[in-house]
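Which chain is which? The protein sequence lines are A, B, C, D and E, in order.
When we follow the working numbering, the leftmost residue of the first sequence carries the number 1, and every step to the right adds one.
When we follow the working numbering, the leftmost residue of the second sequence carries the number 1, and every step to the right adds one.
When we follow the working numbering, the leftmost residue of the third sequence carries the number 1, and every step to the right adds one.
When we follow the working numbering, the leftmost residue of the fourth sequence carries the number 1, and every step to the right adds one.
When we follow the working numbering, the leftmost residue of the fifth sequence carries the number 1, and every step to the right adds one.
Think of the hints as simulated: they come from the structure by calculation, not from any bench.
Hints may be right or wrong, so weigh each one.
Selected chain A positions facing chain C (in silico; Cβ < 7 Å) [said to hold, decoys possible]: (1) GLU3; (2) ALA5; (3) THR6; (4) ARG10; (5) ASP77; (6) ALA79; (7) LEU82; (8) GLY86; (9) LEU188; (10) ALA219; (11) LEU220; (12) SER221.
Lysine-lysine pairs mimicking BS3-like chemistry, simulated, CA-CA at most 30 Å apart [unchecked claim]: (13) C:LYS128 <-> E:LYS149; (14) C:LYS128 <-> D:LYS128; (15) E:LYS149 <-> E:LYS241; (16) E:LYS241 <-> E:LYS14; (17) C:LYS128 <-> E:LYS241; (18) E:LYS14 <-> E:LYS149.
Just so it is clear, CB atoms sit at the ideal spot from N, CA and C, and this is done for glycine as well.
Given next are the chains, with one letter for each unit.
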Amino acid sequence: MNELATLFRRELALAWGRGGGPMLALPFYACIATLLPFAVGGDHAQLAPIATGISWLALALTSLLSLERLFERDFEDGALDLLALGAPSMVATCFIKCLAQWLATGAPLAIAAPIIALGLGAKPELWSLIFTSALLGGLGFAFTGGVGAALAIGSRRGGVLIAVIVLPLFVPPVIFGATAISQAADGLAWQSGFALLGAYSLASVALSPFAMAAACRNALS
Amino acid sequence: MNELATLFRRELALAWGRGGGPMLALPFYACIATLLPFAVGGDHAQLAPIATGISWLALALTSLLSLERLFERDFEDGALDLLALGAPSMVATCFIKCLAQWLATGAPLAIAAPIIALGLGAKPELWSLIFTSALLGGLGFAFTGGVGAALAIGSRRGGVLIAVIVLPLFVPPVIFGATAISQAADGLAWQSGFALLGAYSLASVALSPFAMAAACRNALS
Amino acid sequence: MITGVEIENLALTRGDRLLFEGFSAQVSPGEAATLVGANGAGKTSILRCVAGFIRPHAGEVIFAGADPDEARGQGLHFVGHQDGLKSTRLARDELNFQSRWTGGSAAGVERAIETLALGPLMNLEVRKLSAGQRRRLALGRLIAAPRTLWLLDEPMAPLDTARRAMFGNLMAAHLAGGGMILAAVHDPLPVPARTLEVAG
Amino acid sequence: MITGVEIENLALTRGDRLLFEGFSAQVSPGEAATLVGANGAGKTSILRCVAGFIRPHAGEVIFAGADPDEARGQGLHFVGHQDGLKSTRLARDELNFQSRWTGGSAAGVERAIETLALGPLMNLEVRKLSAGQRRRLALGRLIAAPRTLWLLDEPMAPLDTARRAMFGNLMAAHLAGGGMILAAVHDPLPVPARTLEVAG
Amino acid sequence: MFLANPQRFMSFSKWAAPIFGVLAVGMLGIGFTLGFTVPDDYQQGQTVRLLFLHPQVSFVSMMAYAAMGVSAFFGVVFRHLLADAAARAAAPIGAGFTFLALLTGSFWGRPMWGTWWEWTDPRIMSELVLFLFFLGYMALLSAVDDEAKATRAANILAMVGLPNLAVVHFSVYWWNSLHQGSSITTTIMAWFHSLSGGGQADKPGLAPIYVAPFVLSFFGLACLFAALWLVRIRSEVWRRKAGALAVQAAGKA
Ligand code: HEM
Ligand SMILES: Nc1ncnc2c1ncn2[C@@H]1O[C@H](COP(=O)(O)OP(=O)(O)OP(=O)(O)O)[C@@H](O)[C@H]1O
Ligand SMILES: Nc1ncnc2c1ncn2[C@@H]1O[C@H](COP(=O)(O)OP(=O)(O)OP(=O)(O)O)[C@@H](O)[C@H]1O
Ligand SMILES: [Mg+2]
Ligand SMILES: [Mg+2]
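Next comes chain A alone, as it looks inside the complex (with noise of 0.2 Å):
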């Protein structure tokens, strides 16, 4: 346990340290919901009825990038190999490790997501359901993102990589998320979109440290 709590504070130092973590996936984040009115053409009628949705598909894109390193430089620089020496198990290490993912880069965008689609005008009401969907989204891509991080390892091509794995991994969170928001914005019930949402995340809450851990045993080989 003391193991584990020094891993996941090594996590987070990693995550935040020098000027890293949420100070550039919030940037990031808010240019990609910044330049697609751009490319749009900004016409307003037609950018607030899919805000929400282009907000949500910005943060899966940005838990994409951050996700990068989450491994590969643990391979590289063979810190990996220290990290199988540990009394720890190996799911028990990658659990840790995708859980401070998520604290440091999730949960911040977490907080930023509604304040981005509010600006691309979305409904204020909407706030607390996008954050929390936001929250309960961050925690699936993290772990998600972490099995096809883990599947990467080694393979010198990294952040395209990594999302062609996890791209197919992201279409049900997305939709669940989209669908619940779009279903409150409508006046609709959204509970069943936010319910799937949350059984997607926290099944691969519970599964994905398995399938990474055995991806990571695989990469030392």
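We have chain A already, so just place chains B, C, D and E with the ligands on it with the hints.
Coordinates of chains B, C, D and E with the ligands only, in the frame set by chain A:
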């Protein structure tokens, strides 16, 4: 000259090698373009008018992702030391690297761009304009993106930092390209947007190698 | 607690190629053994196999006094070429993490700083350390977190003469306390050690 | 063509800290010099300064017979800890690239393969090479692309005994042909060399 | 350059910074008081007050970027430490002014154009790009861990962004834009003209009672920027000195 040709071949091989290059960039591009309708709700009436804009944004984001390893890898494994000790100047070296990057990922993406735009519901007769502007825009993305990649060397924050640096540089080509295409879609004159895109890309080809070379030398010191 | 390592009739393959077969060796408490052999013979591979990263093609590695998982999670240190240090963190933070992760205490970390004379490096970022300084930092966890079996891959190469002598003393002390050392080397260790030929 | 290196009164700083000052040295054709000193003294930094990566804080590095840019672009080889090899590419491709980039010909590459006995490695991916095999591959460009000044950072540490002798012969041949060597080492080189103390 | 010498700069800025500060407070005080007491415009109503804030803040944001970019240029080309410090110092202040420009602009846009924000307007866009450059500069500065390297890298980025300044300024002429084309400089020229006895400003653009607060708040904000900038350069210089001393001491220990 001979040296630069060798470098060019090597960069292409590195980009294509191990199932990389377009083989990964293309699916990623396709995935972004696919996820968006889910996020937005998939209503075709909403989607069609913004289709080209989205395919254009996806192109910018994909260029961004593939950029990440352009210099960072070479810095970490010492290849940048070696590149600095060749007979060609660092400016020429950086130029060749970006050119290879464009050929390996920008060009295939340009081929995919019209297909994806059509898939999202753009007008078929636009394909040649979408293709040429993606090709030209990709050139600008590769070179301005290279500046971001070179400046971020040694930062240990890779992707996200590059994105933050590069996004202001990507805003003009995204706007010019999107304007040209949407003007054409509305039957208006697209030439001025397209000309601006071309001017921007060519200017970045001419100027950014100097910034990259300075950034690389700075990283080595 | 590991009370002995026995490598029995080991055969290793890397990427479909058989490196060697029938390699047997034994390390008992208080003993050091060095793996020597040509480049590419398989010294590093043997160390990684003992550490549990590579599965033997044939034969096995048996730890006396501990089951393999326990031995690997609590009984051995592996210091390879890659030292697992994060270049952007402070040397102090990295030493702390590596030591605690492998079971060391705060007192152990202090002891490591003292014994390896790491004090002046502690407030530097890792990437600013020279090759020998990095290695010295990586060796820190051997002292901070007492584990019985040390697996070392060319541990002394980047150290200067004074530091080699210093590390020699540390190895001698480890052996005197019943520890075991298995090291891959090209130059002999400064402690008495059995030589194991790896013929690749 | 470099016909001599003169380091005059050099002072280097790393991250606001003065490493040393007043370091002077000279290497003439046919001569080898080794930089020795404690870990962190600044040996690697001196090599990187001669190679043009680090700007001197004071003093200068003068190449006889070539202006600095020409010397660095065509007259010297630098082989550091980082070998610049791409782990996913074939050894053959990397040797080819490194050699041609530094001015070597196809015949030169063949010569390097022969002299360093690299033949059996050529069709392996670089990441599959052992530490010594990698180093041997990195040293290949010294042979393939003839340049006058060799800057070597602990070149022999990962090599086995036989390969050390082999590389010793190569260095002797390079010196005999009027070449120059400046190397940072902890163990003496197998060729006669002037020793330069770096007191950090 | 007189100020290129750090010692001379320090002794100069010791006096100059407070003087600029006092000037800023004075001119802004008078300018804003005048601005608040002028009668409402018959078209714009209350929002005319933004006339004394938005154009000035926007122009100073560009000045700040120019200051950063030019300092960066001297830092990169001549490796001048003071120029490095000046560039670093300008960034957060400039980002602040740019943010204010965007903010006041969109507050003004609501009543004037009927929208907070217009994606296709070139000046708004290029001003946003200016803001992104400031952010990128600061992100780069904090993400690369060697300070000297970080500064140099960020300075290269600042130079890359310089052409954007021209776009901000001339965008209203190059593209058709919602945004006002009349320039701060013409107003100021007209004002000087009127001071030197010309009486009526010959341009019909700005009603005469608006001119004085318009110009005063501009110079006030410019002095405010100068004062903040000098103070921050001074603290950068001190910080560097302290850091160098600490490292030197650690090296000896
Ligand atoms: C978010 C929206 C806006 C942005 C980003 C913005 C940006 C700028 C910038 C950068 C300048 C300085 C240009 C220069 O001196 O070269 C400026 C000046 C000015 N702006 Fe805005 N502006 C915005 C909205 C508005 C609105 C709504 C109005 C009023 C209708 C307005 C009126 C002016 C005027 C009168 C000037 C001074 C004229 C000049 O120097 O060109 N702006 N603005
Ligand atoms: N991942 C891998 N896939 C295939 N072959 C590999 C792999 N890793 C190592 N090898 C091969 O296995 C052999 C043994 O490598 P190893 O690193 O164990 O050698 P070593 O004895 O430590 O050599 P050195 O003295 O050079 O360090 C080498 O010939 C190498 O080419
Ligand atoms: N980027 C940097 N920033 C600050 N200090 C640095 C940096 N790089 C190296 N140093 C410091 O400079 C000193 C000299 O480093 P250098 O690598 O030249 O030593 P060395 O003589 O090669 O040592 P070794 O024998 O361990 O290889 C070290 O004390 C190191 O901490
Ligand atoms: Mg080995
Ligand atoms: Mg060294």
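Query - Unmet hints by their number, sorted upward, for this structure - result: Those not satisfied are hints 2, 9, 10.
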